[in-house]
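Produce the complete structure using the sequences and hints provided.
Protein chains in written order, with this note's numbering: chain Z, 1 to 534; chain U, 1 to 302.
Which residues of chain Z face chain U? A few of them, derived with a C-beta cut under 7 Å, are:
1. S216
2. V217
3. E256
4. A453
Straight-line distance between alpha carbons at most 20 Å, and here's what the computed EDC-like set of lysine to aspartate or glutamate pairs gives:
5. K388(Z) x D400(Z)
6. K388(Z) x E33(U)
7. K424(Z) x D32(U)
8. K424(Z) x D31(U)
9. K448(Z) x E484(Z)
10. K448(Z) x D422(Z)
11. K163(Z) x D475(Z)
12. K321(Z) x D400(Z)
13. K388(Z) x D245(Z)
14. K388(Z) x E316(Z)
15. K448(Z) x E33(U)
16. K448(Z) x D39(U)
17. K152(U) x E278(Z)
18. K448(Z) x E41(U)
The calculated label-pair distances, taken between Cβ atoms and stated as ranges, are:
19. S513(Z) x S163(U): 23 to 33 Å
20. G276(Z) x L228(U): 51 to 61 Å
21. A236(U) x P265(Z): 27 to 37 Å
22. A63(U) x A452(Z): 28 to 38 Å
23. A236(U) x L303(Z): 54 to 64 Å
FYI, nobody ran anything at the bench for these hints, they're computed from the structure.
The beta carbon of each residue, even a glycine, is placed where N, CA and C say it ideally should be.
Spelled out, the chains give:
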Amino acid sequence: MKSTRLLLLFAVLSGVALCGCSGDVPDSGVVLHRGLASDPESLDQHKARSTQAADVLRDISEGLVGYSPTGELVPAAAERWDISPDGLTYTFYLREQARWSNGDKVKAGDFVFGLRRLVAPATGAFYANMLAAVTNAPAIVSGDLPVESLGVEAPDDRTLVLKLARPTPYLLSLLTHPSTFPLHPASVTEHGDGFARPGRLVSNGAYVLDAWVPGSVLALRRNEHYWNNAATALDGVNYHVVVQDTAELNRYRAGELHITSTVPPDNFAGLQAQFGSELHVAPYLGLYYYGFNLLRPPFKDNLELRQALSMAIDREQLAEKVLGRGEMPAFSWVPPGVDGYEPTVFSFAGLTRHERETLARRLYKEAGYSEANPLTIELRYNTSDTQKKIAVAVQSMWRDVLGVETTLVNEEFQVLLANMRDAKVTQVFRSSWMGDYNDAQTFLSVLKAGSAANMPRYANDEYESLMERAANQVDPDRRMLYLEEAERVLLADHPVIPLYFYVSKHLVSPQVSGWGDNVLDYHYSQHLSLSATK
Amino acid sequence: MLRALGAIPTLLLVIVLAFLMVHAAPGGPFDDERVLPADVEANIARAYHLDEPLPKQLLRYLAGLAQGDLGPSYRYRDHTVSELIGAAFPLSLKLGAMAMALAIIVGASAGTVAALKQGTYLDRLVMAFSMTGISIPVFVVAPVLVLFLAVKLQWLPAGWSSSSGASRMVLPVVTLALPQIAYIARLTRASMIDVLGRDFIRTARAQGLGTWTVVRLHALKPAMLPVLSYMGPAIAAILTGSVVVEEIFGIPGLGQFFVRGALNRDYTLVLGIVVFYATLIVSLNLIVDILYGAIDPRVRYR
Numbered sequence: 001m002k003s004t005r006l007l008l009l010f011a012v013l014s015g016v017a018l019c020g021c022s023g024d025v026p027d028s029g030v031v032l033h034r035g036l037a038s039d040p041e042s043l044d045q046h047k048a049r050s051t052q053a054a055d056v057l058r059d060i061s062e063g064l065v066g067y068s069p070t071g072e073l074v075p076a077a078a079e080r081w082d083i084s085p086d087g088l089t090y091t092f093y094l095r096e097q098a099r100w101s102n103g104d105k106v107k108a109g110d111f112v113f114g115l116r117r118l119v120a121p122a123t124g125a126f127y128a129n130m131l132a133a134v135t136n137a138p139a140i141v142s143g144d145l146p147v148e149s150l151g152v153e154a155p156d157d158r159t160l161v162l163k164l165a166r167p168t169p170y171l172l173s174l175l176t177h178p179s180t181f182p183l184h185p186a187s188v189t190e191h192g193d194g195f196a197r198p199g200r201l202v203s204n205g206a207y208v209l210d211a212w213v214p215g216s217v218l219a220l221r222r223n224e225h226y227w228n229n230a231a232t233a234l235d236g237v238n239y240h241v242v243v244q245d246t247a248e249l250n251r252y253r254a255g256e257l258h259i260t261s262t263v264p265p266d267n268f269a270g271l272q273a274q275f276g277s278e279l280h281v282a283p284y285l286g287l288y289y290y291g292f293n294l295l296r297p298p299f300k301d302n303l304e305l306r307q308a309l310s311m312a313i314d315r316e317q318l319a320e321k322v323l324g325r326g327e328m329p330a331f332s333w334v335p336p337g338v339d340g341y342e343p344t345v346f347s348f349a350g351l352t353r354h355e356r357e358t359l360a361r362r363l364y365k366e367a368g369y370s371e372a373n374p375l376t377i378e379l380r381y382n383t384s385d386t387q388k389k390i391a392v393a394v395q396s397m398w399r400d401v402l403g404v405e406t407t408l409v410n411e412e413f414q415v416l417l418a419n420m421r422d423a424k425v426t427q428v429f430r431s432s433w434m435g436d437y438n439d440a441q442t443f444l445s446v447l448k449a450g451s452a453a454n455m456p457r458y459a460n461d462e463y464e465s466l467m468e469r470a471a472n473q474v475d476p477d478r479r480m481l482y483l484e485e486a487e488r489v490l491l492a493d494h495p496v497i498p499l500y501f502y503v504s505k506h507l508v509s510p511q512v513s514g515w516g517d518n519v520l521d522y523h524y525s526q527h528l529s530l531s532a533t534k
Numbered sequence: 001m002l003r004a005l006g007a008i009p010t011l012l013l014v015i016v017l018a019f020l021m022v023h024a025a026p027g028g029p030f031d032d033e034r035v036l037p038a039d040v041e042a043n044i045a046r047a048y049h050l051d052e053p054l055p056k057q058l059l060r061y062l063a064g065l066a067q068g069d070l071g072p073s074y075r076y077r078d079h080t081v082s083e084l085i086g087a088a089f090p091l092s093l094k095l096g097a098m099a100m101a102l103a104i105i106v107g108a109s110a111g112t113v114a115a116l117k118q119g120t121y122l123d124r125l126v127m128a129f130s131m132t133g134i135s136i137p138v139f140v141v142a143p144v145l146v147l148f149l150a151v152k153l154q155w156l157p158a159g160w161s162s163s164s165g166a167s168r169m170v171l172p173v174v175t176l177a178l179p180q181i182a183y184i185a186r187l188t189r190a191s192m193i194d195v196l197g198r199d200f201i202r203t204a205r206a207q208g209l210g211t212w213t214v215v216r217l218h219a220l221k222p223a224m225l226p227v228l229s230y231m232g233p234a235i236a237a238i239l240t241g242s243v244v245v246e247e248i249f250g251i252p253g254l255g256q257f258f259v260r261g262a263l264n265r266d267y268t269l270v271l272g273i274v275v276f277y278a279t280l281i282v283s284l285n286l287i288v289d290i291l292y293g294a295i296d297p298r299v300r301y302r
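Laid out in structure tokens, this is it:
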């Protein structure tokens, strides 16, 4: 009876299933196939958040400034710009030929429209504070001033003026972020929040959105109206959403993908041997760290203990043996490779392993712990194989060097985040930070008092005042000195244990040319071309 | 008609419970390692009505639902939940139905052959194969099949979006069907051997019928009864197995959205899928009841 019932259920259901083969994407001309680790949240640049969304947005839209394949700032929608001597006024001159995908001219007013929408409270933009340096931006975000008061003006259709409240030497690199790109006012007005859907989205980049099957593929095709269309080699770009890195690798091997978004963490040596120069590993502006909860014992007001735990970790071994994909051991908060910045490093960075361990043991004793009275702590991380491997290694290093008894607590990502924000049950926790732009500010501002991302709840007046002085400094060299000094203060306080700096990892088919490795891991499709032969 | 109305409280209960449960899970749809400044976060919460008290959010959701609106997805912000389900469900269903059909046809045939050739190499081969099929989980079978058929031989696409033809169905369907083929083959073999030993089969043979005719006309029907009872668990296994298969092959099916939605705290998407399944099951049960009534007058409802 029961089974007959189920059979009938299934028969009825099957009758419903006619044909689900929607979303077949046209595949004409020279099409590049790229892996994408997840769907963009949105192609509305203000509702988008992930790096995946930004990758796609940089292909379909264009800001004032862009990056070359090797990571140098280059003119994009603006052909040139002037910066006032006080560093507070930026004047951009737009290209005569800049066009939207429907043929409309890209006007300075479109940038004003986009930037006002970015800071308008009703938009709820994720990167609303991206341009906090622009006059009145923070007050508009918090709802205290109207959007019209934003320091952005369009004196004519081809001139855009940005007025800043404080000198921001990295402003140009902020303008490569999709949240600062222009919007086509007519289509936003017509479709409201739904303007970014396929068939509606009018964009000003080298490509336009053709089709999007969530969970499967985004298809872009050439924007015939793009000002540099003649130099665009690819007729289309398909971003295939592949969540699992092993599945992505198989699709690359099967010749279905030209570029992968990453490579699986295991058997890196095997991949190197198999793929040789197709495997691209490059330093990336990202830091993996363990944070201390500074609000509660045992780490509150216990510098010696924090130092001891940090020194007892053999970062070289962690990077080489546990990870082994070219990651760099981290002895600073700001990664190397940031423009014009020389990261400060921990004082113990130059010591040998033996010396570090001796020092760690001494500090551990000074902190009031011993073999008879060992420290017992919980180390929290989000459930994943890589996090676990690292946590187990750190656990054993702490045990071997200091005799610390560590309990590993793995939590679902959202649970860990909630616990870190509460700062009640956490002691040591895993976290990371990825740079939004190429400047030390993107890392150092994380640990400012009052920063929402300041998970350890670090607070030091000297640090705050150095960061403030750097923020108001026009001279880039002196500004860097302040920032470097701030990092020195930070490292001396040891609110975190930086473990390693990330690397970007891609497989790039020999058919692809124009690829360049860079610290931001930006790879505009318009710079790439594809040769027909394998 | 009365019964149809009776389904509404059940559905309402499911919705309210599901709503409370997804909201009780720690974290929210917009929590991330890159924590947002407080005013930005407040603006986002307001834009998505997450700043309202929970009862108000529930009422807002129910009001939308009454008009057939499952709301916008929090994770796929350019798409509505109805759109996502509308595109994903037919695909999952098609995949499941094909896997089920394949499992029954291949499994029953293999089992019958094994029963008839009991003790031979063929029998042992079928049994060895089915033991392997049952023991190896889908997440192992799938990559192995991909490795051989897609990477080495390049006969079939490794990923869903790399082809638009029917060839992209082959690997997912086979992967999904494999454990069921194995199970059904074993079930059929055992029950076929049992049936073939019965008196009525001996009678049939005594009348001079050939082996295949006996199987076809007399043995197959009673031998398939245990397989029929297994359909329920098999459908359940295919539904859950499809989550893994969809992820490995990158198929935009409902299972993938359900799991991702739960992990991302995409409240509306998870709720939407729960509501969809609940409505589906409740209404299909109604239809089945009515069909039963039509088939068998004894269970006709008054």
